[in-house]
Amino acid sequence: MIIPLLKGLKLTLKYFFSKKITLRYPEEKWPVAPRWRGRHVLTVYPTGKIRCVACMLCATVCPAECIKIVAAAEPDNRKYPESYELDLGRCIFCGHCVDVCPRQAIEMSTVYELSEYSRESLILDKETLMKPPAERYVSEKRKAG
Amino acid sequence: MALLTIDDTEVSTTEGSTILEAATQAGIWIPTLCYYPKISPSDSCRMCIVEIDGYDRPMTSCNTVAVDGMRVRTDTPELRVMREEVMKLILADHPLECPTCPAGGECDIQNLTYRLGIYGTDVPLQPRASIPTPNWSLIEYNQSLCITCLRCVKVCHEVIGASALILRGVGYDARIDTRDGGPLWCDFCGECVEACPSGAMSNKVFRRWARSWELRKVSTVCPLCSAGCRMELNVKDGQVFRVTTDMDTHNKGTLCVGGRFGFDFIHSEDRLLTPLIRSNGELKPVSWEEATHFAADRLKNIISKSGPESVAGLASARLTNEDCYAFQKFFRSVVGANNVDSEARFSFLRVQRALELTCGIKGATNTLGELLQTGAILVVGIDPLEETPALGWKIKTAARRYDSNVIVANSRGTSLDQFARLRLRIRPYSESELALGMMKVILDQELWDTKFVRGQTTHFLPMKGLLDKVPMRAILRRTGVSEEDLVSAARIIGEAQNAAIIFGGDVILQETGLQCAMNLANLALLTGNMGRPNAGIYPIFEKGNIVGLCDMGVMPEYLPGYQNAAEARNLFESVWRTGLPFTRGLTVPEMVVGLENGRVRALYMAGADPLTDYPNAGRFASAIGRAEFVIAQDIFLSPTAQKAHVVFPAASFAEKEGTLTNIEHRIQKLNPALQPPGEARPDWSILEEVARAMGKPMGYFTAADVFREMTLTIPFYRGLRRRDLEGDGRLAHPFTDTGDRLRGGKPYAFAPVRTSESPTDPDSTEYPFEMIVGREMFHFGSTSTRSANLRLLTPRGELEISPEDADFLGLADGDEVTVSSRGGSFSAPVKVSATIPKGIVFAPTNFPDMGAYRLLQENTTVCNVKLVRRT
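Line order of the protein sequences matches chains A and B.
Take the first sequence: its letter number 39 is residue 39 in the working numbering, and every next letter is one higher.
Take the second sequence: its letter number 389 is residue 534 in the working numbering, and every next letter is one higher.
Be aware that a few hints might be false.
[Stated by the list, open to error] Which residues of chain B face chain A? A partial, calculated answer using Cβ under 7 Å:
#, residue
1, T245
2, W354
3, K585
4, R636
[Stated by the list, open to error] Pairs of lysine-lysine, BS3-like flavour, derived with a Cα cap of 27 Å:
#, chain 1, residue 1, chain 2, residue 2
5, B, K381, A, K126
6, A, K126, A, K49
7, B, K983, B, K445
8, A, K79, B, K381
9, A, K79, A, K49
10, A, K68, B, K381
11, A, K68, B, K362
12, A, K7, A, K131
13, A, K79, B, K362
14, B, K891, B, K841
To be clear, the hints were calculated from the coordinates, so they are not data collected in a lab.
These figures come from a predicted structure and were not determined experimentally.
The beta-carbon is built from N, C-alpha and C at its ideal position, and this holds for glycine as well.
Produce the entire structure from the sequences given, and follow the hints as far as they go.
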């Protein structure tokens, strides 16, 4: 009668002393693969100028239709996006936009903590997308603790 | 008929058509690059090569005529290799900037490489040294994208006749340039952009750019001039980005500067967005409900105190047929007066009257397309480039491709001069005498169509009796044309198989325009050019829907469809379910008198801007100040609307449904492309709203309701459905019944001939210049002066003056002068122009801030002025 109990306890103790597979999220995080498809980033040239030329290919290829670009041209006919809106609430993180971009102007970062309190704040504008995404919850927790 | 085999398919085609045309008809694709349907084939790109049995080398299909029994193969391995070779040579120095190229998505090179499966090139050639893009207005040329296919050069030369572009240099340095190498200055029709297979010629105003596949194309009609060309508005995100065309239209996909670039007035910042009410002397935004009730209460108040006759209404050629119909119905059924009129009073109504008396038709007798096959064309008092460019291209093509003899009679130089067999530089105001002179010569030399005159016309002998009394010497003195020229002009018209007579603003806007149009109609009748194809008479007037405006009965004389109240009263009363007024109604001059003596207390204006558009605007300005209550509905706060007590914001052509009628009586449908900005509404719905607030709704909920009612009441609209108007629309002629009492049982009648004295100004020493007012080349009415694109070409009105007079006064281009007559004055910069004869100055009427019409005292387009340099 005690044998099955000990057997069970053995399994428990085995896992008790083995390496943990859970993580104390959000204080701790999994390392993600470099090819992780997280939040988008609009890349810039070293001069700080946006690489995007508003060719609309990302907006065209997007299956979720979450990219909205208003294009404009400079007097020397160089095209740039006047506004670039990406609705994370609709985005399915397929990465087609990155694949199709002829200028490597849109890339996907490894950031996946994208929850917000309102749907509106899920719509990212050009300025937000140009900045590298901040690590949010971890840093906040650290501040608090 | 030619029967040939293309790729094992039997194809039958008309005699004389090319293999490419035959293949296209049969649905067989042959790749092309330099071929463009509007122009003659260049056969320079070697893309369309085909193999024909019996020929030892490949032939270009774009210019090889299909012959009976030909066996053609369009796709063989040998041909494919050759085509790939051609494409690779093009790609060798064609930068693959497709993501930012304006043509991306609709580029022939892109499509061909994709379809032929060419992914790159192995030709070791260096990209061309890039030459800086020339700084042209509206149109941009990028040499590095150019494949020198010459489509732009040829379309400019063959279709538009502007010949502004040429090919400069050879080999690698070959590029498109302007004739003199300077900045482009042409008609700015943008046909070169439309023709370009790549992105070399691009639309510069497409700055806020979009890709071709994102744009929704809405087929609609250009409202700016009376040619009514069809065009496609390219819309994205509630904004029109550009205008393109479809080649399968009555205007063959050709647009002028107005259609191609002038659309952007709809996005002007000056658009009215909310209703405005004047309080404490200022116009303040209010809600629709407040504005309509305010307007309705004041109108009701005035009607109950002074009767419906104290309210007058002015409509405009800017409105659609539905708007015009609703406007006159509002006045006839809700207000209860016939006091509706428009600017047609000073222009088109005169001509309609003249043509009705002589030919029994209310406008052009033939279609614009028929002009191509005429033997001779007499162009009197019109520069088509200024009024209806679409007509100018037809005349130019007729002159060059079909060898039509064009006679241009004008007091200024025109864009048609270089295409004319004969140019008659007549004195201003003497078009009528010119027609008489030509008739005299035709009668003298027995060139008149005896059979036609005897068989189909009446009143010939009385007319001839009057004509014989006019001495030839007086005609020559009055017109300033030599007898030799007059005789040769008369011979050209008299001897031609078919001759068309075109006359325009300079004739129509004259005080004696009625007589002048009758004399021209007499000339057409005398030579038998009436009632048959490729001949006839074309009255042309710039204002968009001027024909529709008259058709809809926006005049006191007639109910819609030119019906007399005496005959059609029952019909209208049964359809409208209201009574019709029995009073005569006021015309515009009578309204002005009424405003001055207080008998007219309220004025309702729909789209009308009398202070800019009406002759004698100075008197109107003081008269409108005496009106107790003025309502204006417009898309902009025009100078007249600024004096109104209530202003309603109206929707523009791109934002509403409706129909427009062009100069050849083609009824075409507008398709809404956008939502009206702010709280703007279509004009008919504003009228319905005011009518409801007055307690007498007209029963309209959509523009289709108005149209349905039009088909019930207007004879030549009967049985028409809106879906019939898709595409090129319908031609619907308001023919008056032939053989009525005016014409003694025959279809046509000569009108009596009268000569008028030349208007002499007693102050000619004080006011030495004769001022002609007309229309500016790049503007259409005053609406287009709100277009930023067109303002780029002509920012403000300029006073054109002859080089001799400029020398005498010591004036140069750009000098500010004050122009004054006894009626008033305005100031404008001077432009020295070789097209103006000595002693004459020309002022455009398009610009509201200039107000050239204020100087005119009578209903004429000529007045005497003096120029003083402003310091």
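Hint by hint, here is what the structure shows:
no.: 1; hint: T245; verdict: 5 Å, holds
no.: 2; hint: W354; verdict: 5 Å, holds
no.: 3; hint: K585; verdict: 61 Å, violated
no.: 4; hint: R636; verdict: 55 Å, violated
no.: 5; hint: B:K381 with A:K126; verdict: 20 Å, holds
no.: 6; hint: A:K126 with A:K49; verdict: 12 Å, holds
no.: 7; hint: B:K983 with B:K445; verdict: 55 Å, violated
no.: 8; hint: A:K79 with B:K381; verdict: 17 Å, holds
no.: 9; hint: A:K79 with A:K49; verdict: 12 Å, holds
no.: 10; hint: A:K68 with B:K381; verdict: 11 Å, holds
no.: 11; hint: A:K68 with B:K362; verdict: 19 Å, holds
no.: 12; hint: A:K7 with A:K131; verdict: 55 Å, violated
no.: 13; hint: A:K79 with B:K362; verdict: 23 Å, holds
no.: 14; hint: B:K891 with B:K841; verdict: 45 Å, violated
Checked against the numbered hints above, the structure violates hints 3, 4, 7, 12 and 14; every other hint is satisfied.
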